[in-house]
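S.K.: Chains as they are written, first to last, in the working numbering: chain D, 1 to 121; chain U, 1 to 121.
Derived from the structure by calculation, the hints contain no laboratory data. Each hint should be verified, as a subset may be incorrect.
To be verified - One-sided and incomplete, this derived list gives chain U residues near chain D with beta-carbon spacing under 10 Å: (1) Ile11; (2) Val35; (3) Leu69.
The beta-carbon is built from N, C-alpha and C at its ideal position, and this holds for glycine as well.
2 protein chains.
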Amino acid sequence: MTTRTGHTDAIAASRVIGTDVYNSAGDQIGTIEDVMLEKTSNGIMFAVIGFGGFLGLGEKYHAVPWAVLDYDPDRGGYVVPFTKDQLQAAPSYSINELTADDGQRARDASFAYYNVAPYWH
Amino acid sequence: MTTRTGHTDAIAASRVIGTDVYNSAGDQIGTIEDVMLEKTSNGIMFAVIGFGGFLGLGEKYHAVPWAVLDYDPDRGGYVVPFTKDQLQAAPSYSINELTADDGQRARDASFAYYNVAPYWH
């Protein structure tokens, strides 16, 4: 996903967290709750998207590959190239489940579901 | 920096931000202010360490390669294998300078100063 010149842009994690996320139809479907990082390597495992829930009770989160988030300056949020149905059918996790098996279960399921080539191979 | 089995651990960016940082002598030398991410690729560019300053005025930040941060559960913070002198002499930046040239200037200077092999080659 780097540009032809190998150029990349920088974004601070604190600016990513809290940003709205829209689906391909332009509906706001959630918010970036967090970004999961590898502790002992240099990769971004996935973005954590929250879809609501009352005061965090029973809230479920989706793990979405970082590469599919496309920032739209007009909306001031990220657009993911998925429909509402695709997102609703995606694997979801409690906050604890996201880091179960060191995050690899959610990461692997997410990359498989959204059909994104693993960055770790 | 992965383990022999290719295994890695997950850590949420929100948990990293605000964590104390200690030098090799065990002195607390700052706090993780942020984590700089690549927008269009999958890498963690560097950790942003703040060293104080009054109400953020004139505060300078260091860009430190993610790989050199070693979490010490006893201290509840990250230990970097550098002396106080090494850290004081390291390149430092205002918050705006950190993302100048899309973060690549701070990233490249940081990896060179701390002698860490670039992850992006």
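S.K.: Would you mind marking each hint as holding or not holding in the structure?
M.R.: Each hint tested on the structure:
For the restraint placing Ile11 of chain U at the interface with chain D, the shortest Cβ-Cβ distance is roughly 5 Å, inside the 10 Å limit, so the hint holds. Hint on Val35 of chain U holds. Least Cβ distance to chain D is approximately 4 Å, under the 10 Å limit. Proximity of Leu69 of chain U to chain D holds as hinted, the smallest CB-CB distance being about 9 Å (cut-off 10 Å).
The structure fails none of the hints (numbered hints given earlier).
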